[in-house]
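Under this note's numbering, the residue at position 118 of the sequence shown is numbered 118, and the numbers go up by one with no gaps.
Hints were generated in silico from the structure; no laboratory data involved. If you're wondering where the values come from, they're calculated on a predicted model, not measured in any experiment. Some clues are possibly wrong.
Stated by the list, open to error - Using 25 Å as the maximum straight-line C-alpha spacing, the simulated SDA-like pairs for lysine to any residue come out as follows:
(1) 79 x 67
(2) 79 x 119
(3) 79 x 138
(4) 79 x 45
(5) 79 x 68
(6) 79 x 98
(7) 79 x 89
(8) 79 x 117
(9) 79 x 139
Said to hold, decoys possible - If you anchor each label on the Cβ, the simulated ranges turn out as follows:
(10) 71 x 91: 32 to 40 Å
(11) 104 x 78: 16 to 24 Å
(12) 71 x 126: 30 to 38 Å
(13) 126 x 106: 32 to 40 Å
(14) 43 x 92: 31 to 39 Å
(15) 48 x 91: 32 to 40 Å
(16) 68 x 104: 25 to 33 Å
Note that beta-carbon positions come from the ideal geometry of N, C-alpha and C, so glycine has one too.
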Amino acid sequence: MTIRTRVRALGLAAAASSLVLAACAPTAGGGSDSDATDTADVSTDITDVEDYTLTVWDQEVRGGQNAQMEQLNAAFEDKYPNVTIDRVSQSFDDLQTTLRLALTGDDAPDVVQANNGRNMMGQFVAADQLICLDSWSEAYA
1 MTIRTRVRAL
11 GLAAAASSLV
21 LAACAPTAGG
31 GSDSDATDTA
41 DVSTDITDVE
51 DYTLTVWDQE
61 VRGGQNAQME
71 QLNAAFEDKY
81 PNVTIDRVSQ
91 SFDDLQTTLR
101 LALTGDDAPD
111 VVQANNGRNM
121 MGQFVAADQL
131 ICLDSWSEAY
141 A
């Protein structure tokens, strides 16, 4: 799968399944770090993308939250049968402990739910381990 196709699939999955917190960390000037893709380059249709397994890490392990995530993922997979979601659900503490190492590896998750603070997410953005999803957000507005 090409990078462009993968990014398109990831963007759609992230926006459609509502699994990702905002992936843009604030800068010292109060703005956001944004090397985002131009909205014109964002596609919201992945029906023609080859079969793909999307690895998603989240921290929604409690009863109702877990059930809701499973329901959202199943609905997404029903709508896009060419995408399979491999969900890795961990407690908040476990996710925070393993995420930094996972993002540095060759087999990093495609979509993650991370602590939205500068001390965690800001470091990931600065290291180019997360991408800003503003363009996809605008495309779905």
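Taking the hints in turn, this is what the structure says about them:
{"no.": "1", "hint": "79 x 67", "in the structure": "holds, 18 Å"}
{"no.": "2", "hint": "79 x 119", "in the structure": "violated, 36 Å"}
{"no.": "3", "hint": "79 x 138", "in the structure": "holds, 21 Å"}
{"no.": "4", "hint": "79 x 45", "in the structure": "holds, 11 Å"}
{"no.": "5", "hint": "79 x 68", "in the structure": "holds, 17 Å"}
{"no.": "6", "hint": "79 x 98", "in the structure": "violated, 31 Å"}
{"no.": "7", "hint": "79 x 89", "in the structure": "holds, 22 Å"}
{"no.": "8", "hint": "79 x 117", "in the structure": "violated, 33 Å"}
{"no.": "9", "hint": "79 x 139", "in the structure": "holds, 18 Å"}
{"no.": "10", "hint": "71 x 91: 32 to 40 Å", "in the structure": "violated, 20 Å"}
{"no.": "11", "hint": "104 x 78: 16 to 24 Å", "in the structure": "violated, 34 Å"}
{"no.": "12", "hint": "71 x 126: 30 to 38 Å", "in the structure": "holds, 35 Å"}
{"no.": "13", "hint": "126 x 106: 32 to 40 Å", "in the structure": "violated, 20 Å"}
{"no.": "14", "hint": "43 x 92: 31 to 39 Å", "in the structure": "holds, 33 Å"}
{"no.": "15", "hint": "48 x 91: 32 to 40 Å", "in the structure": "holds, 37 Å"}
{"no.": "16", "hint": "68 x 104: 25 to 33 Å", "in the structure": "holds, 30 Å"}
Going through the hint list in order, the structure does not satisfy hints 2, 6, 8, 10, 11, 13.
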